[in-house]
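Using the sequences and the accompanying hints, generate a full structural model.
Chain by chain, the residues run as shown.
Number of protein chains: 2
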Amino acid sequence: MNRILIKDAKAQGSGQVTLAGFIYNKRLHKGLAFIDLRDVSGVMQLVFEESNEAAFNVIKDLNLESVIKVNGELKEKPSRKGQEDAPKDYEMLVSGAEMLSAADENLPIHVLQKGDAEPDIDTRLNWRFLDLRQPEHLKIFKVWTEFERGLRAYCNAKDYTQIYTPTLMSTSSETGSEVFEVKYFDKKAYLGQSPQFYKQMAMSVGLEKVFMTGPVFRAEKSFTTRHVTEFTGWDFEISYADHNDVMNEEEQMIQSGFKAIKEKVDIDIEVPTLPFPRLTLKEVKEKLRANNIKTDGEEDLNPEEERGICEIIKKETGHDFLFVTEYPVSIRAFYHMRFEDRPEITKSFDLLYRGLEITTGAQREHHIDILEKQASEKNMNLEELADYLNFFRFGCPPHAGAGIGMARIIMKMLNLSSVKEAIFLPRDVKRLTP
Amino acid sequence: MNRILIKDAKAQGSGQVTLAGFIYNKRLHKGLAFIDLRDVSGVMQLVFEESNEAAFNVIKDLNLESVIKVNGELKEKPSRKGQEDAPKDYEMLVSGAEMLSAADENLPIHVLQKGDAEPDIDTRLNWRFLDLRQPEHLKIFKVWTEFERGLRAYCNAKDYTQIYTPTLMSTSSETGSEVFEVKYFDKKAYLGQSPQFYKQMAMSVGLEKVFMTGPVFRAEKSFTTRHVTEFTGWDFEISYADHNDVMNEEEQMIQSGFKAIKEKVDIDIEVPTLPFPRLTLKEVKEKLRANNIKTDGEEDLNPEEERGICEIIKKETGHDFLFVTEYPVSIRAFYHMRFEDRPEITKSFDLLYRGLEITTGAQREHHIDILEKQASEKNMNLEELADYLNFFRFGCPPHAGAGIGMARIIMKMLNLSSVKEAIFLPRDVKRLTP
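Just so you know, the protein sequences line up as chains A and B, in that order.
Per the working numbering, residue 1 is the first one in the first sequence, and the count goes up by one each step.
Per the working numbering, residue 1001 is the first one in the second sequence, and the count goes up by one each step.
Worth flagging that the hints you see were computed from the coordinates, not collected in a lab.
It is possible that some hints are incorrect.
[Said to hold, decoys possible] In silico DSSO-like cross-links for lysine-lysine, where the CA-CA straight-line distance does not exceed 27 angstroms:
| hint | chain 1 | residue 1 | chain 2 | residue 2 |
| --- | --- | --- | --- | --- |
| 1 | B | Lys1007 | A | Lys158 |
| 2 | B | Lys1060 | B | Lys1077 |
| 3 | B | Lys1183 | A | Lys187 |
[Unchecked claim] Taking CB as the label site, the calculated pair distances span:
| hint | chain 1 | residue 1 | chain 2 | residue 2 | range |
| --- | --- | --- | --- | --- | --- |
| 4 | A | Phe339 | B | Leu1032 | 37 to 45 angstroms |
| 5 | B | Gly1297 | A | Leu32 | 53 to 61 angstroms |
| 6 | A | Lys75 | B | Leu1274 | 37 to 45 angstroms |
| 7 | B | Glu1299 | A | Gln252 | 49 to 57 angstroms |
| 8 | A | Leu274 | B | Lys1007 | 25 to 33 angstroms |
| 9 | A | Lys188 | B | Glu1053 | 52 to 60 angstroms |
| 10 | A | Leu274 | B | Glu1263 | 24 to 32 angstroms |
| 11 | A | Leu274 | B | Leu1274 | 37 to 45 angstroms |
| 12 | A | Lys187 | B | Asn1381 | 25 to 33 angstroms |
| 13 | A | Gln45 | B | Lys1007 | 57 to 65 angstroms |
| 14 | B | Lys1183 | A | Glu344 | 35 to 43 angstroms |
[What the hints assert, rightly or not] Cβ-to-Cβ under 10 angstroms is the rule here; a few derived chain B residues that face chain A:
| hint | residue |
| --- | --- |
| 15 | Phe1022 |
| 16 | Leu1107 |
| 17 | Leu1138 |
| 18 | Cys1155 |
| 19 | Thr1165 |
| 20 | Glu1181 |
| 21 | Phe1185 |
| 22 | Ser1204 |
| 23 | Ala1219 |
| 24 | Glu1230 |
| 25 | Tyr1388 |
| 26 | Asn1390 |
| 27 | Cys1396 |
Note that beta-carbon positions come from the ideal geometry of N, C-alpha and C, so glycine has one too.
Below, the structure is given as structure tokens:
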């Protein structure tokens, strides 16, 4: 008999089925053994009768988290006293059992039941494969899967092309900040901090609309809850577009992501309405001061200001997202386009979500003469940028784009305490394992 | 007026529209200029009248590959003499034009028209952003996009979870072969040769069915047409499954990919029928000899044998794909499960496509005692494998999986001369740019 999922067995409600999963809980009681069996779809109580020796002996001495396969009869679970109105649940009276994988007795961390207290994050990450067995943790990756499915559904419907760009680069990349160095045969290579230059190259190619996902690397000694050394970026870039077009595109993409989650994951989540609120940096600063939140200069937002403005916007509009536009040249990359009539302001934006920056976007400067001038002003090495600058010498459509930090949006969506919780196997300054 | 795509303009056939793209070709002729405008969707002839000075002056001195925006009236293109029965085509009589990006006069390589001879591959890769402007080259990434969309459609329909696994590893990984070393703060890290261990960890987590895509790295000094140092892997892994289940899954996934291409890309491609042919390695060797192809030992297939058997199967069945099963222990990784009654044979397979290996798959050994024994036999360092071996100590479902080399399947699908042609920006022993 083919094994089916627990959620499908519950939907079926009766008959003979085969199930497989982990022993989540085990109780012995007057000639009976009760096992809570856990698979990827849910948990079901199994009832073993001591009189069925063959099956009983399989599980009698098995430790928690061992993996078994069972077959038997589905039955409605007797309701508990005082809970006669609760929705129907089902259990299985086991007729046959097979041990597939025995767990050692001493689990390094317990697979917690709902409501149990969590171990500290380092212990959890050391034993990530046990930590993630908790249904609530495992759900993080279901949410990510469906969110990305939604982003892709949007891009596919709009005829985007997907590209994969290289991780290995010959120079230390766009921002000049800390990069990881790789021994590359008899040369040095560097791990990309962003696919920025390559997705712009796709515009020079004429692909017009591209999206991509892949790892990006930051060799920064940051120890915050929102920094890791390797993370998954979601990037897109579009031709014949400015920063406003990119914001229009991004909010639809994200809305599509939320809808996809709601379709497939059993989770209490609200699909954001369109358009997302938009404020200039200047307006944000004014609003912060009007709400008696201390501001720190006029050029950028610090984490407290980001949290503050998101709380204000949430109160005013009910919205969790906020586009902040018109950042000054001083804090933006050399390739951000500037307003012709206000050359100190870039055509750029950040997207904040529940108090955290999850996106930086901008129209890019595509005029080679202006681009070279802006790069020089920012003390970039034009020689190291030669390959990049070439993209603009032989015809390049105007273009704009943005990147989303996927783990950051998932972290905030699920109210996780750290971006590391949203990452399958996070890497930070101290952590390269498991 | 909003710019529309050339293919949409052709579908519309008349009226005032705005287009934008590259100047693919330019001809002057008795008071007229003809420009072939190329965008991501196609090519259209633009007609400029010298009498419309404003528009004519914009393009008069522009070099090929400059980017322009034009508006004007769509008209049916007069048919050529002797071609009166050809399908209708359309051109635009331009009323207004704007220069968006001027190209330098001397293109390092020309953007070829259909039928022109290609420069050598190194020159093409040096100027990849010009090389890819050719509609036939650009199509490679449309095909990849849709193929992956099809793979994902299959996985999403079957409730797979997507994971992203780290690229940075603390040890030099599964096979012990050449890996790239990274300076990681005061430590050493290595770039992953495959996500093998991590996707197996997802089975120990209880995710049951996962897929993933991301870069993998090989520090091998290989100079063939099918080797690069960084490539995109498509991996999947499923619990409560053996190698036969994985082959069943993979052939459906691939078929879904081909169907997605056919839906969206204008290309002559055949959707493969199911099931894909399957032969044991022993049967392959016998068939090769029966067809007078020289075989090289009994333990593996060399590239000529792979090409040979695929040609034979193509002739016999019309099929481009072939699963080869039952490889001996000697040439397989330590974690491949072995047949209980034939311990010298692994429960593994390769998938060949048009003469090239594009997949290795297997059921994995999930019994910790057997796994440790097999690792020791293969002279693996058990201490370095400690994190991996732990996955099997606390309950791990039986599982199996496979990985697909995406660029290899695209290369063979489109009859490209090298895997590098299928990669947006390939990296090899000598190439780290652009």
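| Hints not upheld, ascending by number | No hint contradicted; all consistent.
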